[in-house]
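The listed protein sequences correspond, in order, to chains E and C.
If you're matching positions, the first sequence starts at 1 in the numbering used here and goes up one per residue.
If you're matching positions, the second sequence starts at 1001 in the numbering used here and goes up one per residue.
Hints listed in this document are in silico derivations from the structure and should not be mistaken for laboratory results.
We put the CB at the ideal spot given by N, CA and C, even for glycine.
Careful: at least some of the hints might be erroneous.
Between beta-carbon pairs, the in silico distance windows are [to be verified]:
no., chain 1, residue 1, chain 2, residue 2, range
1, E, G209, C, G1186, 41 to 47 Å
2, C, A1027, E, E207, 39 to 45 Å
3, E, H126, C, V1224, 31 to 37 Å
4, E, E52, C, L1189, 26 to 32 Å
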Amino acid sequence: MSAPLLQVEDLHVSFDIRREGDMPWTKPLKLHAVNGVSFTLNPGETLGIVGESGCGKSTLARALIQLVPAAGKVVWQDGTNLLGLSPHEMLKYRREVQMVFQDPLASLNPRMTVGQIIAEPLTTHHPGLSKDEVKARVQAMMEKVGLLANQINRYPHEFSGGQCQRIGIARALIVEPKLLICDEPVSALDVSIQAQVINLLMKLQRELGLAMIFIAHDLSVVKHISDRVMVLYLGRAMEIAGSADLYGKPDHPYTQALLSSVPIPDPAAERAKVTIPLDGDLPSPLAPPSGCVFRTRCLRAAPRCAADVPPLLGGNHQVACHFPGPLMAQAVPAA
Amino acid sequence: MFMKEEAAVRLADIAVKGRSPWADARARFARNKGAMVGLFVLSLICLFAAFGSHLTEFTYDYVDFGLMGEAAEKGAPSWSSGHYFGTDDGGRDFFARVVQASQISLAAGLIGSAVAVIIGTLYGAISGFVGGRTDQVMMRIVDILLSVPFMFVIILLLVMFGRSIWMLFLGIGMFSWLDMSRIVRGQTLSLKRREFIEAAHATGVSSGRIILRHIVPNLMGVVVVYASLLVPIMIMTESFISFLGLGVQAPLTSWGALLSEGASQMRYGTLWLLLFPLGFFVTTMFCMSFIGDGLRDALDPKDR
Ligand code: SF4
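Please construct the entire structure, taking both the sequences and the accompanying hints into account.
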């Protein structure tokens, strides 16, 4: 096995929160959006990251490419720690890691033509290219993502959401990155179009040998596209496992709860399925529960869960829980 | 049939060219009748200011000694004498003077708002984009300047450095950008959180380029609307200062200066000395406010 493309170790992101009316000298509250997340990503592999909104998955993605300041280690293939690079040194790696954003229209500048938008990363990283060369590459890219090349002079507002997302994908891929981070790329789209965009991403990934980090808030979207999946809760990794493993025999109560809420197309199976209630709201990230962050909503919570933070353990199937194991139907209270 | 074909051809054109948000706004503006009339009349006034001097044989500083001091009796507007707008008390052709005054007044409006647009936009965009302490300092400077009574400072400048038209422009320009920079900063702050700015950061586009290519073009709507409101304010300011007798120096003149003269000689029955500059002044103000309204409707950011 070759060296991993990306190795993330103990990544922390925290924000200072100042409340209205605070004096300038009062200490701001710390919001730990990402709290000690570690994972590795191999070349050509797709890692799905799943969690409810507010669990820090978008922040995690932004931390990887230094859109938000982070602590810890993000080691690139060549051994460089991306955190702590100066903006100038980082420029080289920005070409290798590109991002696709959640809101397709908002991520495109309304005053620029599609051609200008897609060309921007190219002209940033290859300033020497001639105009014709840029145009040719942009048009080739547009065709690759399923857009008509003659629409190069159109503006984003003339496209549908799905097409806008294709533009976003073209912009990300034009500099031939090694890693594509997709931050909920389909959650703003219609269900029918979601599938098209996901299929496009999978096709491009195969063709270009991309590694991908694919973020979503529900497990069903991630299932097809991911080789491995990480489940996040309140900024911590709950479970990381191969896709089949995680969907087949989830060991973490949170993963089980998430999975149980995914509808199954087969009506008989759907009826037989045990739905685990996820009671209560996500606790405030400003004051996370002690010990295991999931304990306020966990069916298996025991005194030990409040006292100790469960470490993420295991080889290929890592779980952060004191009492991991398959779901027992009898443990679920009757709804 | 022919019509249909033509329409089809045009459709195909559009498919390739794309409608920019600007083209949309232009179409919306063109549909606004008041604004179009305002634009038309204002263009006439601009043409008048630019080429009016060719319509008369007199120059603005030519003094007809035969008519000096006898404006009320012999200087009334008439086609036959060639003094279309009459003559003033000093025996000068009033038409030529109004042409010249229009030049100065329009220039004051344009230069004042051009300074506001350039300095205000860049200052506000940088302040909002960089944020943090830089933003704090830059905006406090604006606050301080805003708290200075600017009319007072302009008058002081004119008294100290002598009355010159450039000093006047400088004085007006110095203060006109302050409000603009605040408005632009506010807009920049909200733009900065948009995903396309984040996307530009993520690909490593430099800050300068982000400001010029992503922020400023998206600010233009607000800037244009505000600038169109600024032009009449600038004209008004210049006129006010000239009305006080501190602005341009004779033989140069401006609408405000002419109004001041006209008003002081009202009781001698030379009403045309007041009415002509007043007419131009008021018409321009009306046109500008109609155009400003039209621009606001056409570029309203809420619409998008
Ligand atoms: S550690 Fe305890 S509270 Fe946390 S998930 Fe496991 S059983 Fe539930």
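Do the hints match the structure? See the list:
no.	hint	verdict
1	E:G209 - C:G1186: 41 to 47 Å	45 Å, holds
2	C:A1027 - E:E207: 39 to 45 Å	42 Å, holds
3	E:H126 - C:V1224: 31 to 37 Å	34 Å, holds
4	E:E52 - C:L1189: 26 to 32 Å	29 Å, holds
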